[in-house]
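J.: Heads up: the protein sequence lines correspond to chains Z and F, in order. Position 110 (the first sequence) corresponds to 109 in numbering that gives the first Met the number 0; numbering is contiguous. Position 217 (the second sequence) corresponds to 216 in numbering that gives the first Met the number 0; numbering is contiguous.
If you are wondering where the hints come from, they were derived from the structure by calculation, not from laboratory data. Note that the coordinates shown come from a computational prediction; the quantities given were computed from them, not determined experimentally. Some clues are possibly wrong.
[Stated by the list, open to error] Calculated pairs, DSS-like style, for lysine-lysine (alpha carbon to alpha carbon, straight line, at most 27 Å):
#1 Z:Lys258 x Z:Lys86
#2 F:Lys510 x Z:Lys258
#3 F:Lys309 x F:Lys238
#4 Z:Lys258 x F:Lys73
#5 F:Lys108 x F:Lys271
#6 F:Lys108 x Z:Lys312
#7 F:Lys73 x Z:Lys150
#8 F:Lys327 x F:Lys271
#9 F:Lys73 x F:Lys36
#10 F:Lys309 x Z:Lys258
#11 F:Lys64 x F:Lys414
#12 F:Lys327 x F:Lys309
#13 F:Lys309 x F:Lys73
[Unchecked claim] Covered by chain Z, per the in silico footprint, the following chain F stretches (three or more residues, Cβ under 8 Å):
#14 424-435
#15 440-450
Glycine residues also receive a C-beta, built at the ideal position from the N, C-alpha and C atoms.
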Amino acid sequence: MAFNTGGVRRRDILKTLAAAGALTTMPGLGQLAFAAPGGAQEANGKILVVLFFRGGMDVLNFIGPANDAVYIDARPADLRLLDSGDKAGIALDSGLAQGVDFRLHPEAAALHEIYRQGDLAIVHATGLSNATRSHFEAQELMERGLAEEPKGNGVLGTEGGWVARLLRQMGSNGELVAVSTAGGVPKLLQGYPEALSIPDLRGGFGLPGGPSTQAVLERLYPAGGQPAGFNPNVARGGRVALDAALRLNGALPKGPDGKVLAYQPEHGGAFEGDVGRSLETVARLIRMDAGLKVACVDMGGWDTHEGQAGRFKSLVHQLSGSLATFWNDLSAYHDRITLVTVSEFGRRLRANRSGGTDHGHGSLMMVLGGGVAGGRLLGRWPGLQPQDLDERVDLAVTTDYREVLTSVLKHRMGVGQVDGVFPGFHPGSGDPALFRA
Amino acid sequence: MVVPTPVAAAGAAPSQEWIFLNRFAYGPRPGDAQALKQQGIPHWLDEQLRLAAAGTSPGPECQQKLDSAVMRIKYDAGEGWAALDEMRPLRTLDQPVDALWSLNQPDRKLPYQERVRPRLDLAAATVIRAVYDPAQLRQVMTMFWHDHFSVNAADSYTAPALPAYDAALRAHALGNFRDLLEAVATSPAMLIYLNNRSSRGGAANENYARELFELHTLGRDAYLNTQYDRWRDVPGALKGAPEGYIDQDVYEASRAFTGWSIQSGQDLGGYKAPNDGRFTYIESWHDNYQKRVLAAEFDSYQPPQNDGHKVLDLVANHPATAQFICTKMVRSLLGGEPSPELVRAAAATWLDSRQRPDQIARVVRLIALSPQATANWGARPKRPLELVASFARATGIPVTASEPLVGTMDSAGQKLYAWPSPDGHPVADDYWLGAQNMRARWNLALGLAEGWWMPPGLSATAQMGPAAAHSGQAVAFWSDRLLGSPTAVDTAALLGGLSLTADAPPMVDNKTGEFANRRLAAYVAMSPAFQLR
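So that you can see chain Z by itself, here it is in the shape it has in the complex (with noise of 0.2 Å):
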């Protein structure tokens, strides 16, 4: 939506096109709605994965609209896709926006296969209705599923992140059920105390010291310990860490030496960088049917104000490789895998002088799974065109990103009713037709 604000505080315009639905009905989605009723599936065995783009992924450098006038004048030729040269971007078969030809970064060669296949759908112009361009706050609000902070003190249902209150929803309990692959815990899992922090499985994930350390250590953190002092999560940080390191460690395959082995992605390919690392943990886990059902994985560097060409092209190539290896990987497993990505905006259509992109608004997301009606764009794409940006800069949001969300939740999550998910959110009726019937 572009915000024509003559005086008129945003605040009420928000309010205004909240209540008028505008933000969640979403004109084009309508026609491509999922229609067979009741789509839950059984919810027993899937897996949600969470991909979180930190930083801000300039989402008009990994598809854009590469014949787009504005877009070409904007933007120096290697911060967007190009429509032929060796370097053109990969033409996407998409129907998203009348005579608008969509290009893919041509590093995302491996997830085009997969987008090819028709695993993998695209909703363009997703984002936060919130206007906030700070990285800490839309990420926030995004890990909450809010669209904007609640006034006074503890807003019933807001606290902690969507993904915690989702696997409430679920009845899930237990160890490994969900996992970060982060050196913490999110925000996305907060509220939910069994949460796990994995990021890497390749060293093993034991405890120090041998049996005795074990023992005394499984007494100092008994379960259900009392708080020390004033503080009452360190005796429960304690005992998910010793629970996890007891189940986990012994069910890792390991050599004559003791060290774990190296994991082998079947079908090849190979997990790249700290994306890969935190992919293939994933995989590990998705493998030992421990009863993961939500992985939370953070991928950084997109904060790229600076020298982004060069960045990007290498941000992607990883994403791209990883994702394919994993969905490769774990072709046992598609019935039950949903990935959903997410990042807390895009950036300014207008480069700036650094050879780089400074925060904006618009963003994508992708989802990939088995049932996925892919190898399409969705969504509704808003234009490049002066009065169709946000704030007069940046590419608009036309489709609430927890429309993606609910229809992922409603359809592989086996989730009826998301109103406990995400607090004060009507999804539209416009389901984004994400899944095959």
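We have chain Z already, so just place chain F on it with the hints.
T.: Chain F alone, transformed into the frame defined by chain Z:
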């Protein structure tokens, strides 16, 4: 953020002095708490502030440790360099940027390990300083500012600028905030990390300006972009005192800083800048036209750097900045949810002392002398550096530079000078106490005691006296040393886990003597209570 709820203490709470020294220093050495009780906290503060004001040298013992420390550097042969494996002193400490600048030159053939050595040198030195620097309060505050003005020096282009950045933060750690802000704004480390070095008129780079408002000064609560999209609509703006900032302020401030750069061999139209990384102001890159930031008008064509200085004045003096930083400081020093009264008092002192050279010291002093300074024991977990330093200080484990120790603190969650985003490490307990981080904490305790990284490690029996021969007394000894009371640890858990009776000599894994006594010390350090401060 999940707020810890005050609950009844399980073990004996340590003394006020014990708690104080875990918050305003890196934990007590044997005898420190008793000494503090005798001299009193005001006297201790006077002494600490005197040390800090006397210069940034860490004192002879600590300086000697820094000078004699060596740390391994090892890499395979590569294109343009030979394989190397050597123990090397921490040569990059305190070096000015120009002395290290060649490390990041792309035309120089160098392995990554050489390029980012300044970050490892400083991280290793940080552990030594936390253990041995007598100016403990300054070290605590230096680390606070490193997180507040976080840069990621695991990036090889930023790394050579890190030692000088550390020196600047250390010099101003208890000084005046506006001076500190100026030092950061002109530091090559921040200019590189948040990209202002390449910001030019026409389409300025907004990275630094945005984080200046959100992370360095006014704070996220003062970002009012969702409510207002024109500067004049922000409450107070028409009276010249806007309550907060919006994107328009970010845009305009980024214009004000255009041309604040580093000398990196730029071609400036017939003139080539030197290539030594030092701060420079490039007039031809500056956007000279009029601006408006926080409702203040800037005339066109100001003298060099005037626009940027004016922005720094505006944000440093803004009441939201006092509120934001004082809240953060109280939370960081004391843990838990900050007391609103204490934050209010701290913010008032902050604003009253804006013109004083010891502005920050006055605020810290107020916090340290408040009743909350030693209340709510355990309100936040120790960070890995605090865990390591307090363990070493309480037990006399000799500490020197160690790359794997830095690596283990990394996996325990504290990525010294390498946090990947400009907000610094998280505050929430959930982050610090996740499964990965807890495992790494236990590794830190055991590894330090057993000398995995820094042999010989703990010398246990020699300091225990008769307690070394009786399991119960041995546990009480380490509980007293590490937790401030002989009964603070769950003795039954330790003895029960090891199937020991109180009178029997300590035995672990069928080994007795030094091995077993070290283990008991490590196990007390692995207990829940020792994770807290």
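J.: Need the status of pair Lys510 of chain F, Lys258 of chain Z: alpha-carbon distance at most 27 Å?
T.: holds (26 Å)
J.: For a C-alpha distance cap of 27 Å, please report whether Lys258 of chain Z and Lys73 of chain F respect it.
T.: holds (23 Å)
J.: For Lys108 of chain F and Lys312 of chain Z, compute the direct alpha-carbon distance and say whether it is at most 27 Å.
T.: holds (23 Å)
J.: Is the Cα-Cα distance between Lys108 of chain F and Lys271 of chain F 27 Å or less?
T.: holds (23 Å)
J.: Holds or violated: are the alpha carbons of Lys327 of chain F and Lys309 of chain F at most 27 Å from each other?
T.: Within the cut-off at roughly 25 Å; holds.
J.: For the pair supplied as a hint, Lys73 of chain F and Lys150 of chain Z, confirm whether the alpha-carbon distance does not exceed 27 Å.
T.: Outside the cut-off at roughly 54 Å; violated.
J.: Quickly compare the C-alpha distance for Lys309 of chain F and Lys73 of chain F to 27 Å and report which way the hint goes.
T.: Given pair Lys309 of chain F, Lys73 of chain F is violated - Cα atoms ~47 Å apart, limit 27 Å.
J.: Take the C-alpha atoms of Lys73 of chain F and Lys36 of chain F, compute the straight-line distance between them, and say whether it is at most 27 Å.
T.: Judged against 27 Å, a Cα distance of about 47 Å means the pair is violated.
J.: For Lys309 of chain F and Lys238 of chain F, compute the direct alpha-carbon distance and say whether it is at most 27 Å.
T.: holds (18 Å)
J.: When you check the alpha-carbon spacing of Lys64 of chain F and Lys414 of chain F, does it fall within 27 Å?
T.: Within the cut-off at roughly 23 Å; holds.
J.: If you draw a straight line from the CA of Lys258 of chain Z to the CA of Lys86 of chain Z, is it 27 Å or shorter?
T.: violated (43 Å)
J.: Check whether three or more residues of the region 424-435 of chain F sit with their beta carbon closer than 8 Å to a beta carbon of chain Z.
T.: holds (count 10)
Hint compliance for this structure: hints 1, 7, 8, 9, 10 and 13 are not met, and every other hint is.
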